[in-house]
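Student: Let's have the full structure, built from the sequences with the hints guiding it.
Number of protein chains: 2
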Amino acid sequence: MYYIGIDIGGTGIKAGIVDESGHILIKDSIKTGAERPYQDVVHDIADLCNAILDQMHLKPEQVEAIGVGVPGICDPKTGVIPFCTNLGWHEVPFIADMHKYFPGLPVYVDNDATVAGLAESVAGVSAGTQSSVFITLGTGVGGGVVINGRPYSGSHGVGSEIGHMVIRLDGEPCTCGKRGCFERYASATAIIREARKAVVDHPESLIMQMCENDLDKITARTVFDAAKEGDAIAVKLFNNYVKALAHGIVNIINAIDPEIIVLGGGVSNAGDFLLDAVREAVKPFIFYKTQPYATILLAQLGSDAGIIGAAMLGKQ
Amino acid sequence: MYYIGIDIGGTGIKAGIVDESGHILIKDSIKTGAERPYQDVVHDIADLCNAILDQMHLKPEQVEAIGVGVPGICDPKTGVIPFCTNLGWHEVPFIADMHKYFPGLPVYVDNDATVAGLAESVAGVSAGTQSSVFITLGTGVGGGVVINGRPYSGSHGVGSEIGHMVIRLDGEPCTCGKRGCFERYASATAIIREARKAVVDHPESLIMQMCENDLDKITARTVFDAAKEGDAIAVKLFNNYVKALAHGIVNIINAIDPEIIVLGGGVSNAGDFLLDAVREAVKPFIFYKTQPYATILLAQLGSDAGIIGAAMLGKQ
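Protein sequences appear in the order of chains X and L.
In this text, residue positions in the first sequence follow our numbering: the first is -2, and each later residue adds one.
In this text, residue positions in the second sequence follow our numbering: the first is -2, and each later residue adds one.
Simulated from the structure, these hints should not be mistaken for lab results.
Some clues are possibly wrong.
The list cannot tell twin chains apart, which means a pair is met if one copy fits it or any two copies do.
In the SDA-like style, the derived pairs of lysine to any residue whose C-alpha atoms are separated by at most 25 Å in a straight line are [what the hints assert, rightly or not]: (1) K214 <-> V197; (2) K286 <-> P90; (3) K240 <-> G174; (4) K74 <-> T287; (5) K233 <-> D167; (6) K214 <-> N236; (7) K233 <-> G135; (8) K280 <-> H87; (9) K233 <-> M207; (10) K286 <-> F80; (11) K97 <-> L45; (12) K74 <-> G146; (13) K56 <-> D44; (14) K194 <-> G168; (15) K286 <-> T172; (16) K97 <-> K194; (17) K312 <-> R147; (18) K225 <-> V239; (19) K240 <-> T172.
Tutor: What follows is the structure in structure tokens.
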């Protein structure tokens, strides 16, 4: 069985044909051109779908469904996307518009982090589990919740926004209007923000040397690499980051208690250096200390997760 | 169809026979005597069940199942209760022990807040919904999550502990070993703690008059009543409480996005005074501001929720 998966981002749109095990059989991509009218983007998405179908010598009716991951949400009842970050979409009837191009095909849309979490639970590190929470640690922090093997976005489609759980009341202001959101402490942006502040008082830090004294060049990786070298400021920044991440993870365990928590996104490329520290930091914060709890693992699928997970939305 | 529901507390144990709609047909109670050996308590629970069965002229085999709510958790795979607050139970094989008295009957055990949430979703304020989160605002803060009409305690049975979500990193120390748990700000205990601190600097507060200058007499109700009268200190305490509660609620919306959030427990007896304030406080913190989100309501079933929800555990 074939499923089309589409991963819509602010810069590029990727699409692939995926089998029922979550393996990509063929994939292709186009530039988003987010500055263009919405209808033009939808037109190009349809063209992209047809292009990959042609390459596989498939007709649309030989495909089970089209699944789409968007940097936003889609109202599950109406098929309308109320708004889509980076794309300038507001209240667009996306599913209805896709049906104009593919009248017979079911179309499913979900949040990109939710979709990535679903991908990992079908063909990645959490494959075989019934419940998992995927955390994307990137510019922001996204969440993908899978419960009973299906993506879980809540009753109104606004759930799994774990980046906007407050972990520090009255803390750092967030774009969402609250203060102290998890995202403000567990994103790459947070690491960079704190590092820039710290090196002003501590120009002797290895971080300064690594970024060639240019604060704009500081990345999460700069800080982690300096921490690996034992730089005191970087170690402190890393420990603070891990502490905040661990608290967010424990909040997820206390609320949802999944089988597995998957760390993905750019920051997770730090690998075992990060994973080992997070696992240790979580331990003392577990409520039921003698009971088993979620295993924390690193994502496996990388940038393919968007296509795979989107496609698997159609595997109902 | 008949279901037995048992509500085990530190002071009393209540049991009832409940029909499939969640109506209590008969109920009775005994003192827990938590200082006694565990086996004696189980023996008395079995006697209590037999007593209510006799009063209804029923035999155990005419009952579908026995459901039990405990102030703790039960491992869903083993039927063992790892520990139970206020009862001194550690690693007790509760389900196996109940089967000794009622060999043919299925026995289900879950956390008391989870059970209360289930009760409201079957026969209370959230009846007819598929997903709801019940928050008990009492000495502590408990959570009962219902997803797809069934109680949700997670993969390891340690979920729905929303009282131990951290909302203020490095905040008030909690008995669980963390700092800044939701419970430290949204429980009756929190209101009392903050009120005792505040009136030391502001002995002119109406709170002092209402508690007859005895700090030990301050309750959540004292503070709320003084706030209703417009006492500045009490209003400030009330607003701080509402703010913390609203943040916890928003965390639940961002993670689980239930249809309904139910406020129960002693503090919720403040009724609309609290409810209206909480609803207003939640609004600006919602992430997807144009989308519908959970309706916040007050619990309806009061102290019967324990028996009803426990019984409904058996309605699989």
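Student: Now tell me, hint by hint, if it's right for this structure.
Tutor: Here's how the hints hold up against the structure:
Taking the shortest Cα distances, K214 and V197 sit within 25 Å of each other inside one copy (14 Å), while across copies they are farther apart (51 Å). Only between protomers do K286 and P90 lie at most 25 Å apart by alpha-carbon distance; the minimum there is 18 Å, versus 47 Å within a single protomer. When the C-alpha separation of K240 and G174 is checked against a cutoff of 25 Å, the pair qualifies both within a copy, at 24 Å, and between copies, at 14 Å. Taking the closest pair of Cα atoms, K74 and T287 come within 25 Å of each other only across two copies (15 Å); inside a single copy the shortest separation is 42 Å, beyond that limit.
Taking CA atoms no more than 25 Å apart as the test, K233 paired with D167 passes in both settings, with 22 Å inside one copy and 16 Å between copies. Taking identical chains as interchangeable, the C-alpha atoms of K214 and N236 lie at most 25 Å apart only when both belong to the same chain, with a minimum of 21 Å there against 43 Å between chains. For the homomeric pair K233 and G135, the shortest alpha-carbon distance inside one copy (20 Å) is at most 25 Å, but the shortest distance between copies (38 Å) is not. For the homomeric pair K280 and H87, the shortest alpha-carbon distance between copies (21 Å) is at most 25 Å, but the shortest distance inside one copy (42 Å) is not.
Taking the shortest alpha-carbon separations for K233 and M207, only the intra-copy value of 17 Å comes in at or below 25 Å, while the best inter-copy value is 48 Å. In this assembly of identical chains, the alpha carbons of K286 and F80 lie at most 25 Å apart only when taken from different copies (10 Å versus 41 Å within one copy). Taking the shortest alpha-carbon separations for K97 and L45, only the intra-copy value of 15 Å comes in at or below 25 Å, while the best inter-copy value is 65 Å. With identical chains, the CA atoms of K74 and G146 are at most 25 Å apart both within one copy (21 Å) and between copies (19 Å).
Within a single copy, K56 and D44 get their C-alpha atoms as close as 13 Å, which meets the 25 Å cut-off; across copies the closest is 68 Å, which misses it. Both within a single protomer and between protomers do K194 and G168 lie at most 25 Å apart by alpha-carbon distance, with minima of 16 Å and 23 Å respectively. For a Cα distance limit of 25 Å, the shortest separation of K286 from T172 across copies, 12 Å, qualifies, whereas the shortest one inside one copy, 35 Å, does not. In this assembly of identical chains, the alpha carbons of K97 and K194 never lie at most 25 Å apart, being 51 Å within a copy and 64 Å across copies at closest.
Taking CA atoms no more than 25 Å apart as the test, K312 paired with R147 passes in both settings, with 9 Å inside one copy and 24 Å between copies. In this assembly of identical chains, the alpha carbons of K225 and V239 lie at most 25 Å apart only when taken from the same copy (14 Å versus 43 Å across copies). Taking the shortest alpha-carbon separations for K240 and T172, both the intra-copy value of 22 Å and the inter-copy value of 19 Å come in at or below 25 Å.
The structure fails to meet hint 16 from the earlier list, while all remaining hints are met.
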